[in-house]
Amino acid sequence: MFQTTPLIQNSLIAILALLFCTHIFVLILARIKKNVDFSNLKLRMKSWWLIVFFLAFIFLGNKAVGLVMVGIICFLALKEYFSFIHFEPDDRKLLFWAYLSIPFQIYFLYTNWIIMFYLFVPLYMFLIIPLRRILAGNVKNFIKVTSLIQWGVILNVYTLGYLGAFLLLPFAKTSSTANVNGLQLLLFLLIVNALNDASQYVWGKLFGKKPIVPNISPHKTWAGFIGGVATTTVIASLLGPVLTPMSLKVSVCAGLLIGTFGFIGDVVLSAVKRDVGVKDSSNLIPGHGGILDRVDSLTYTAPIFFHFFCYLYQMGL
Amino acid sequence: MLNIFKRIFYLLILKPLVYFCLGLNIRNAENIPKDGPCIIVSNHNSHLDTIVLMTLFPTRKMLKISPIAAADYFLANKIIAWISTRIFNIIPLSRKVSKTAQEEFYHELDKRLKNNSIVILYPEGSRGEPDKMMKFKSGIAHIAKLHPDIPIIPVYIEGLGMALPRGEAIFVPAICTIIVEKAIYFEHDKEEFMEKLKNIFDDMQQELVKEEI
Numbered sequence: 001m002f003q004t005t006p007l008i009q010n011s012l013i014a015i016l017a018l019l020f021c022t023h024i025f026v027l028i029l030a031r032i033k034k035n036v037d038f039s040n041l042k043l044r045m046k047s048w049w050l051i052v053f054f055l056a057f058i059f060l061g062n063k064a065v066g067l068v069m070v071g072i073i074c075f076l077a078l079k080e081y082f083s084f085i086h087f088e089p090d091d092r093k094l095l096f097w098a099y100l101s102i103p104f105q106i107y108f109l110y111t112n113w114i115i116m117f118y119l120f121v122p123l124y125m126f127l128i129i130p131l132r133r134i135l136a137g138n139v140k141n142f143i144k145v146t147s148l149i150q151w152g153v154i155l156n157v158y159t160l161g162y163l164g165a166f167l168l169l170p171f172a173k174t175s176s177t178a179n180v181n182g183l184q185l186l187l188f189l190l191i192v193n194a195l196n197d198a199s200q201y202v203w204g205k206l207f208g209k210k211p212i213v214p215n216i217s218p219h220k221t222w223a224g225f226i227g228g229v230a231t232t233t234v235i236a237s238l239l240g241p242v243l244t245p246m247s248l249k250v251s252v253c254a255g256l257l258i259g260t261f262g263f264i265g266d267v268v269l270s271a272v273k274r275d276v277g278v279k280d281s282s283n284l285i286p287g288h289g290g291i292l293d294r295v296d297s298l299t300y301t302a303p304i305f306f307h308f309f310c311y312l313y314q315m316g317l
Numbered sequence: 001m002l003n004i005f006k007r008i009f010y011l012l013i014l015k016p017l018v019y020f021c022l023g024l025n026i027r028n029a030e031n032i033p034k035d036g037p038c039i040i041v042s043n044h045n046s047h048l049d050t051i052v053l054m055t056l057f058p059t060r061k062m063l064k065i066s067p068i069a070a071a072d073y074f075l076a077n078k079i080i081a082w083i084s085t086r087i088f089n090i091i092p093l094s095r096k097v098s099k100t101a102q103e104e105f106y107h108e109l110d111k112r113l114k115n116n117s118i119v120i121l122y123p124e125g126s127r128g129e130p131d132k133m134m135k136f137k138s139g140i141a142h143i144a145k146l147h148p149d150i151p152i153i154p155v156y157i158e159g160l161g162m163a164l165p166r167g168e169a170i171f172v173p174a175i176c177t178i179i180v181e182k183a184i185y186f187e188h189d190k191e192e193f194m195e196k197l198k199n200i201f202d203d204m205q206q207e208l209v210k211e212e213i
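Taken in sequence, the protein lines are chains P and F.
In terms of the numbering used here, the first sequence opens at residue 1 and continues consecutively.
In terms of the numbering used here, the second sequence opens at residue 1 and continues consecutively.
Isolated chain P, as found in the complex (with noise of 0.2 Å):
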């Protein structure tokens, strides 16, 4: 159904180039300002290399490997929720149920079987997660674990689980949707979403000042925000019409929705490590924490951008 387009091989070459020329920039800026600490700039960079390395699987390989990626990602993100909430013993058997998700997720995807995929998490895992505690004869805690685990299915493999979604659109060739690739689709919010999150940081160094919500993370100030969101609305406005079949004043709104939205996953996740009381979700990915605090803002910005596409093609929903 789907196959890679000229189109992506182009953009990966660009993508590559792209981060070539900020890694020699970053070198090059390290050897200027011998005074400025850039040895986690410099890890960032090589990091960013590895996952570059590892999303391209998606675009270039078929719909089978793009989905196992997919689930890689929501695997590895669960697990380092699981990991930092620290369960009793008791409910480990539980916690092997919600990894289960991720294959049906996975196997709802690939056989095109949509509804299940958006009915499985929210309705069937609600249902499994106290089942499975009242076989076990557990009611200490009862609300207070079912829930943090149904939590964390949502959080992890619901939300980030649209990013796989992207391989099924179109989900019917009709004159309307002629020129919908998801694959390009998927491409264009993850490049959005990167520069999102890397123009609301830099725009914050620079010019931050007055914190949007001190409580939770000192670092997110209002002109991080408002830069961010500028800057991501001028790059999908530039981006949206050559990758999608968006418009321009689509785009704009597609912009401003994925720098707004990626901004609040943003700090749902540091409000979730503030109440676990942890820094990084982990240390997988050097330089930048675990593999949930790079995808923080996917969970907010994937179903949203995947639904309003939909919407607005007359697709699915």
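A few of these clues could be false.
As the list claims (entries may be wrong) - Straight-line Cα separation of at most 20 Å, EDC-like style, residue types lysine to aspartate or glutamate; simulated pairs:
hint : chain 1 : residue 1 : chain 2 : residue 2
1    : F       : K137      : F       : E187
2    : F       : K64       : F       : D110
3    : F       : K198      : F       : E124
4    : F       : K111      : F       : D35
5    : F       : K114      : F       : E124
6    : F       : K190      : F       : D202
7    : F       : K137      : F       : D202
8    : P       : K93       : F       : E168
9    : F       : K132      : F       : D203
10   : P       : K140      : F       : E129
11   : F       : K135      : F       : E124
12   : F       : K132      : P       : D90
13   : P       : K93       : F       : E129
14   : P       : K279      : F       : E207
15   : P       : K93       : F       : D131
16   : F       : K145      : F       : E104
17   : F       : K198      : F       : E181
18   : F       : K132      : F       : D149
19   : F       : K61       : F       : E30
20   : F       : K132      : P       : E88
21   : F       : K145      : F       : D203
No lab work stands behind these hints: they were computed from the structure.
None of these values were measured; they are calculated from a predicted model.
Take the given structure of chain P and dock chain F to it, following the hints.
Same frame as chain P, but now just chain F:
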């Protein structure tokens, strides 16, 4: 030949599995010794402890790792015995007290340490309840007294009691935290040594408990 096979096994199977299915959060990694001989002392909650401790080292050094393991369990049948002695290089230790078995064990230990081995020892004696430490047995003090010049490195592992505890067949992925302490050596007498070791482990455990609150 077997060594080449083992290195491939460590590099392509053991390490990726540990990083993908478990995930390690290592603290004070600079305390991990570069080379043997040394003795790693650790708490014991799961069979995975040994595998995780092995992956702390580069594959070259993994060949030198010798876990001390109970003979009645790890030599129970031929297949387990082959895997234990050939792949994981265990030093079998009989849990029954007999003079000849003990001498054999100390002789083997001595040989391995002379051969720059990295010996792993679990002073609790067996896997206990998840993330609870049992009283340390004094065998470690005896070994330390026999080898006063060999560094003894305390390592605390948390999280594997969740991943694969004793008596469970289902593996649940979990990221584990590993604290590596500075090497200690045997001084004066056994009681003092055991006291020192116990305090180090209590401190490491306390460090993690504090963060959870």
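Holds or violated: K135(F) and E124(F), Cα atoms, limit 20 Å.
Holds - the C-alpha atoms of E124(F) and K135(F) are around 6 Å apart, at most 20 Å.
Are K198(F) and E181(F) close enough, with their CA atoms no more than 20 Å apart?
holds, 13 Å
Proposed proximity, E207(F) with K279(P) (alpha carbon, max 20 Å)
holds, 16 Å
Is the straight-line distance between the alpha-carbon of K132(F) and that of D203(F) 20 Å or less?
The given pair, whose Cα atoms are some 14 Å apart, holds under the 20 Å limit.
Take a quick look at whether K93(P) and E168(F) sit within 20 Å of each other, Cα to Cα.
holds, 10 Å
Is it true that the CA of K198(F) sits at most 20 Å from the CA of E124(F)?
holds, 11 Å
Straight-line alpha-carbon gap K114(F) to E124(F), limit 20 Å
Given pair K114(F), E124(F) is violated - Cα atoms ~25 Å apart, limit 20 Å.
Regarding the pair K137(F) and D202(F), is the alpha-carbon distance no greater than 20 Å?
Status holds; Cα separation ~15 Å.
Just to be careful, I want the Cα atoms of K145(F) and E104(F) compared with a cutoff of 20 Å; is the pair within it?
holds, 18 Å
Hint check: K93(P) vs E129(F), CA-CA at most 20 Å. Holds or violated?
With Cα atoms ~16 Å apart, K93(P) and E129(F) stay inside 20 Å; holds.
Restraint check for K132(F) with E88(P), where alpha carbons must lie at most 20 Å apart:
holds, 12 Å
Between the alpha carbons of K137(F) and E187(F), is the straight-line distance 20 Å or under?
Answer holds: K137(F) to E187(F) is near 18 Å, not above 20 Å.
Of the numbered hints listed earlier, those contradicted by the structure are 5, 18, 21.
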